[in-house]
Amino acid sequence: MTKLRTLVLEPGLTIALLGPDGAGKSTLAAELARTFYFPVRSVYMGLYGAGSAVGRPPRGAADHLGRLVGHLGRQWNGYLRAAFHRARGRLVVYDRFGYDALLRQPRSQWLGARVRRWLLSHAVPSPDLVLLLDAPPELLRARKQEHDLTALASQRKAYLDLASRIGRVSVVRTDRSADAVRRDVTELIWQRYLVRRRRGAAKRP
1 MTKLRTLVLE
11 PGLTIALLGP
21 DGAGKSTLAA
31 ELARTFYFPV
41 RSVYMGLYGA
51 GSAVGRPPRG
61 AADHLGRLVG
71 HLGRQWNGYL
81 RAAFHRARGR
91 LVVYDRFGYD
101 ALLRQPRSQW
111 LGARVRRWLL
121 SHAVPSPDLV
131 LLLDAPPELL
141 RARKQEHDLT
151 ALASQRKAYL
161 DLASRIGRVS
171 VVRTDRSADA
181 VRRDVTELIW
191 QRYLVRRRRG
201 AAKRP
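Residue numbers (this note's numbering): 1 to 205.
FYI, nobody ran anything at the bench for these hints, they're computed from the structure.
A hint or two may mislead.
For each label pair, taking beta carbons as the anchor points, the in silico distance ranges come out as [what the hints assert, rightly or not]:
(1) His64 to Tyr37: 39 to 45 Å
(2) Arg196 to Leu80: 19 to 25 Å
(3) Ala153 to Thr27: 19 to 25 Å
(4) Tyr48 to Leu160: 16 to 22 Å
(5) Ser170 to Ala30: 32 to 38 Å
(6) Glu10 to Ser177: 30 to 36 Å
(7) Ala201 to Leu68: 39 to 45 Å
(8) Arg176 to Leu149: 19 to 25 Å
(9) Phe38 to Gly73: 24 to 30 Å
(10) Gly200 to Asp148: 22 to 28 Å
(11) Asp148 to Asp175: 41 to 47 Å
C-beta atoms are modelled at their ideal positions from N, C-alpha and C, and glycine is treated no differently.
Hey, can you work out the whole structure from these sequences and the hints?
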């Protein structure tokens, strides 16, 4: 109980939920908000608005700079909101994250395209925990019937490839009950709290 009281006085954690449409990001965020010991706040960090971040045609070069500035501004707006909640000991759940910029390979190897993707994926400090919610395409399609099965399968593959590239991503299967997913994720979150606490204790003289 003493350790738990100490955690209450410390800053909260940030976790990012990645995954294709229908993977269960909103459901998991709601379950955590309903059951987690500390207050939970969700912050949307998507780059491309509602729907898929994969497979959309690129815009013309003329508006790339303006769109980049807008994306960066929204990322920092979300990060500052998260910092406000984190400073008050709340668990912050990022719905999507800037890593989505790495999902789409640029059609051109022009340096500007690579720089743009790097800037978007590194716009704000990394979250404490990154979770990739994964489910078979058929289940994604059942949850998001407005999307094509082939497109959802492509999204899923893109996210799994992304997880292998950026590392330190925990893949969570969501082809189970919402309660089972929530229990597993809650355990991962508590493990992260304890790791941070041990590191803090090791630094003390």
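Non-conforming hints, listed in increasing numerical order: Violated: hints 5, 10 and 11.
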